[in-house]
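Chemist: As a plain string of letters, each chain reads:
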Amino acid sequence: QQKVQQSPESLSVPEGGMASFNCTSSDRNFQYFWWYRQHSGEGPKALMSIFSDGDKKEGRFTAHLNKASLHVSLHIRDSQPSDSALYFCAASDPRGSALGRLHFGAGTQLIVIP
Amino acid sequence: GPKVLQIPSHQIIDMGQMVTLNCDPVSNHLYFYWYKQILGQQMEFLVNFYNGKVMEKSKLFKDQFSVERPDGSYFTLKIQPTALEDSAVYFCASSLQYTLYFGEGSRLIVV
Chain A
1 QQKVQQSPES
11 LSVPEGGMAS
21 FNCTSSDRNF
31 QYFWWYRQHS
41 GEGPKALMSI
51 FSDGDKKEGR
61 FTAHLNKASL
71 HVSLHIRDSQ
81 PSDSALYFCA
91 ASDPRGSALG
101 RLHFGAGTQL
111 IVIP
Chain B
1 GPKVLQIPSH
11 QIIDMGQMVT
21 LNCDPVSNHL
31 YFYWYKQILG
41 QQMEFLVNFY
51 NGKVMEKSKL
61 FKDQFSVERP
71 DGSYFTLKIQ
81 PTALEDSAVY
91 FCASSLQYTL
101 YFGEGSRLIV
111 V
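As you go down the protein sequences, you meet chains A and B in turn. With our numbering as the guide, the letters of the first sequence map in order to residues 1 to 114. With our numbering as the guide, the letters of the second sequence map in order to residues 1 to 111.
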């Protein structure tokens with residue numbers, strides 16, 4: 001059973017639009033969350049981390065975490081064609097050596113249409 | 001940003017042979033990891049490594065797998081012998097604290 005579930009599987013938005021991604025964890029020990037982006041043929045790159053309840057904003061990217069429901073979301077405003085990529089949610093148990101063991105979701109493929 | 005380098009970028013190997021994947025982590029990072037990704041799907045944790053020791057490994061980290069970082073050189077993943085199901089992209093990552101930085105991956109094809 002996957003411990004990190006992402007939706008939707010794929011998403012198309014027009015250039016300048018808003019892209020929204022959802023992620024839910026089934027393990028209550030997962031308290032730290034990241035969003036990673038992977039362009040085709042490259043390694044994943046960390047976009048944002050979020051460890052506390054509420055919103056975290058960095059430029060065009062906003063993440064929201066609700067620890068009670070184990071739900072985290074990512075919103076990209078003013079989407080650009082260069083944002084087209086695979087977006088992964090990753091979660092971690094912050095206790096001891098488990099902190100670095102990221103559990104990834106299956107990813108959401110974003111296509112931004114010019 | 002911080003760069004993790006991986007060598008080779010891709011390799012084709014006969015089943016049963018040994019392969020070594022090399023990783024040059026970010027210079028001041030202390031924690032090192034290997035992840036496996038099949039066909040652009042989700043990343044699966046294999047192992048993490050700190051202070052010369054394996055900290056944690058997953059069920060995917062079979063007995064045929066081993067990791068080491070001798071004297072601060074490359075952090076390596078060795079598979080001996082390889083099996084067909086080992087075909088995947090292997091990503092090395094390193095971290096100082098919480099956020100992992102990934103390399104570009106080593107695509108392994110076992111035939």
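Don't read these hints as lab results, they were simulated from the structure. These numbers were taken from a predicted model, which means no experiment stands behind them. Using N, Cα and C, we set each Cβ at its ideal position, and we do this for glycine too. Some hints could be false.
[Stated by the list, open to error] Pairwise CB distance ranges (calculated): (1) Thr20(B) / Ser40(A): 36 to 46 Å; (2) Asp63(B) / Asp78(A): 44 to 54 Å; (3) Ile12(B) / Ile113(A): 29 to 39 Å; (4) Ser26(A) / Gln64(B): 26 to 36 Å; (5) Asp78(A) / Gly72(B): 25 to 35 Å; (6) Val111(B) / Ser82(A): 20 to 30 Å; (7) Pro8(B) / Lys45(A): 18 to 28 Å; (8) Ile12(B) / Lys3(A): 29 to 39 Å; (9) Asn51(B) / Lys67(A): 43 to 53 Å; (10) Pro81(A) / Gln11(B): 41 to 51 Å; (11) Ser27(B) / Asn66(A): 31 to 41 Å; (12) Gln11(B) / Ser26(A): 41 to 51 Å; (13) Glu68(B) / Asn66(A): 14 to 24 Å; (14) Gln97(B) / Asn29(A): 35 to 45 Å.
Chemist: Run every hint past the structure and note whether it holds.
Modeler: Right, here's what the structure says about each hint:
| no. | hint | in the structure |
| --- | --- | --- |
| 1 | Thr20(B) / Ser40(A): 36 to 46 Å | violated (26 Å) |
| 2 | Asp63(B) / Asp78(A): 44 to 54 Å | holds (50 Å) |
| 3 | Ile12(B) / Ile113(A): 29 to 39 Å | holds (36 Å) |
| 4 | Ser26(A) / Gln64(B): 26 to 36 Å | holds (30 Å) |
| 5 | Asp78(A) / Gly72(B): 25 to 35 Å | violated (43 Å) |
| 6 | Val111(B) / Ser82(A): 20 to 30 Å | violated (36 Å) |
| 7 | Pro8(B) / Lys45(A): 18 to 28 Å | holds (21 Å) |
| 8 | Ile12(B) / Lys3(A): 29 to 39 Å | holds (33 Å) |
| 9 | Asn51(B) / Lys67(A): 43 to 53 Å | violated (31 Å) |
| 10 | Pro81(A) / Gln11(B): 41 to 51 Å | violated (33 Å) |
| 11 | Ser27(B) / Asn66(A): 31 to 41 Å | holds (37 Å) |
| 12 | Gln11(B) / Ser26(A): 41 to 51 Å | violated (36 Å) |
| 13 | Glu68(B) / Asn66(A): 14 to 24 Å | violated (41 Å) |
| 14 | Gln97(B) / Asn29(A): 35 to 45 Å | violated (19 Å) |
Of the numbered hints given earlier, the model fails hints 1, 5, 6, 9, 10, 12, 13 and 14; all others are met.
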